[in-house]
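**Q** Sequence:
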Amino acid sequence: MQAAIEARAVSHRTRAGEVAVRDISFTVGQGELVAIIGGRGSGKTTLLDAMSGLRPPTSGTVDRPAGRAAGYVPDADPLHAVLPLGRALRYTAELRSVRTAASPGWPGGAAADGGAQAAVTEALNLAGLTALELVPAGALTPEERKRAAIAAELLSRPAQLFLEEPTAALDPGQGAEVLRLLRRLADGGITVVLTTGSPLDAARCDKVVILAPGGHLAFFGTPAAALGYFGADTLEEIFERLAGLGDPAAAWSRRFFHFSRTRGGFTGPPTTPPPPGPAVLLPDAAGPHSAGRVSADPEATSVAVDDPAGIDDPAAIYDAMPVDEQPAASAAQPGSAQPGSAQPGRGPRAGARAAGPVRQWAVLTRRNAEVLARDRRMQAVLAGTPAAILLAFCVLLGCGALDGRGAVTLAWAVLGGLVAGLAYQLPARAAEAAILRRERFAGLSAGTFVLAKVTVLVPLLALADVLILAVPAIDGHLTAGFGSAYLAVLLSSLCGLTVALTMPVLAARR
65 MQAAIEARAV SHRTRAGEVA VRDISFTVGQ GELVAIIGGR GSGKTTLLDA MSGLRPPTSG
125 TVDRPAGRAA GYVPDADPLH AVLPLGRALR YTAELRSVRT AASPGWPGGA AADGGAQAAV
185 TEALNLAGLT ALELVPAGAL TPEERKRAAI AAELLSRPAQ LFLEEPTAAL DPGQGAEVLR
245 LLRRLADGGI TVVLTTGSPL DAARCDKVVI LAPGGHLAFF GTPAAALGYF GADTLEEIFE
305 RLAGLGDPAA AWSRRFFHFS RTRGGFTGPP TTPPPPGPAV LLPDAAGPHS AGRVSADPEA
365 TSVAVDDPAG IDDPAAIYDA MPVDEQPAAS AAQPGSAQPG SAQPGRGPRA GARAAGPVRQ
425 WAVLTRRNAE VLARDRRMQA VLAGTPAAIL LAFCVLLGCG ALDGRGAVTL AWAVLGGLVA
485 GLAYQLPARA AEAAILRRER FAGLSAGTFV LAKVTVLVPL LALADVLILA VPAIDGHLTA
545 GFGSAYLAVL LSSLCGLTVA LTMPVLAARR
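Numbering-wise (the working numbering), the sequence shown opens with residue 65 and increments by one.
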């Protein structure tokens with residue numbers, strides 16, 4: 065089978081220096097449906113982000129064919145809830161300058177050339193959502209919203225599709241429907257990689273990547289082979305094996321390193337050469353429950369080492385090595401890439417045709433304006449915030465709290481402007497973070513996102529600040545003049561808006 069994604073000695077360290085993924089190597093074939101599973105802290109999302117290009121690994125490489133787009137579906141809803149599904153997808157298509165073209169190998173068939181609307185129609189058809197085109201995204205069932213998120217990525221006809229916990233919020237029946245869609249896409253030639261905590265999902269996939277706590281690769285192969293390898297009757301029992309006595313994470317990683325090199329059909333992709341020096345003891349392969357010290361099994365091809373330090377425990381030898389020097393899951397081959405080197409197809413937008421910044425700003429501005437026009441809750445916030453501040457001024461003036469120096473009144477006005485700036489964006493921060501995370505993968509810059517928000521919200525803030533100062537100005541409490549007071553309040557509002565806009569940007573970059 066043709067290789068679609070090759071992970072070679074992939075490792076990732078957090079900013080705090082903790083290792084999230086350790087020296088992982090495997091190959092995903094074209095059109096395979098692959099699940100990354102593991103317990104909390106095993107590095108599932110980190111590995112998925114590294115494979116997709118959203119968050120490149122600290123060391124190692126991920127190779128994907130150049131010339132074709134890749135899609136990424138986050139675990140949150142990446143569509144505005146108030147927009148009709150068709151309109152939401154149309155904006156996504158325009159942001160990416162999507163056009164359909166004749167493509168016999170594509171799951172949707174050989175479509176004629178067409179613009180953004182043709183791409184939307186095709187994606188809805190593939191996801192089984194054609195009848196829901198006019199339904200607001202927020203009115204869809206959880207399973208339909210997940211399929212809608214997948215449809216948004218199908219707009220650019222990706223060669224690979226990466227999904228973060230696609231069934232996490234779904235019941236078993238809804239999760240099965242989403243997996244059936246992913247199976248159809250994989251059968252149509254799209255390589256699908258997902259993270260999941262559901263053994264039912266993993267059992268429906270072609271291959272499973274099993275990670276042990278600490279980011280160790282414990283197994284890569286078919287679900288049936290995983291059961292035999294771990295000596296388990298169900299995939300749930302595998303987690304019990306990984307949580308055994310001693311140091312199970314490193315032990316299972318060492319065992320699979322040996323297994324992948326000595327068992328046919330499990331050899332991983334080429335990776336970096338092992339470090340010079342004495343060979344490392346290989347782990348025990350005597351039985352499916354073994355994850356400990358080297359045994360005297362005559363079938364095991366363990367290699368002894370000359371350990372001048374007197375360390376005879378293979379786990380100690382293995383764990384004492386730096387992450388970048390630990391042996392990978394496969395042997396090196398000629399022409400293998402060095403860690404961190406750039407490879408064809410690496411990155412989130414291989415083959416994607418993202419629109420230019422000016423066009424993206426125009427599309428986002430139109431989308432933001434339509435969202436505000438449809439979102440009754442946001443309209444209430446926009447109108448209610450200055451009204452509430454205005455009412456507070458009336459109360460303060462009525463009780464004589466602002467009878468002192470004019471600076472007191474101005475300070476209250478500046479505080480009101482800051483509150484207005486925060487309120488105009490904070491309610492939407494979580495939804496915007498999920499949307500920005502998906503669009504950032506497709507080439508949207510954070511600067512363009514912020515600029516489009518500012519274009520729509522600043523005129524509304526400017527009007528709100530006029531209302532905030534209306535009562536103090538009429539009552540003669542603005543001793544510095546209306547112009548100076550208005551400028552101070554507007555600057556305060558812009559500071560609040562900037563802080564609120566920074567939150568989804570930072571959340572999208574996690």
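FYI, nobody ran anything at the bench for these hints, they're computed from the structure.
C-beta atoms are modelled at their ideal positions from N, C-alpha and C, and glycine is treated no differently.
Errors might be hidden in some of the hints.
Claimed, not checked - Estimated spans, in silico, between C-beta atoms of each pair:
id, residue 1, residue 2, range
1, Thr-566, Ala-437, 34 to 40 Å
2, Gln-443, Arg-104, 25 to 31 Å
3, Pro-523, Gln-66, 49 to 55 Å
4, Val-522, Gly-547, 32 to 38 Å
5, Cys-458, Arg-104, 48 to 54 Å
**Q** Hints first: check each against the structure and report whether it holds.
**A** Against the structure, the hints come out as follows:
1. Thr-566 <-> Ala-437: 34 to 40 Å: violated, 25 Å
2. Gln-443 <-> Arg-104: 25 to 31 Å: violated, 40 Å
3. Pro-523 <-> Gln-66: 49 to 55 Å: Given a distance of about 53 Å, which is inside 49 to 55 Å, the answer is holds.
4. Val-522 <-> Gly-547: 32 to 38 Å: Hint violated: Cβ distance 18 Å, outside 32 to 38 Å.
5. Cys-458 <-> Arg-104: 48 to 54 Å: Given range 48 to 54 Å: holds, Cβ gap about 52 Å.
Consistency note: the structure conflicts with the earlier hints numbered 1, 2 and 4.
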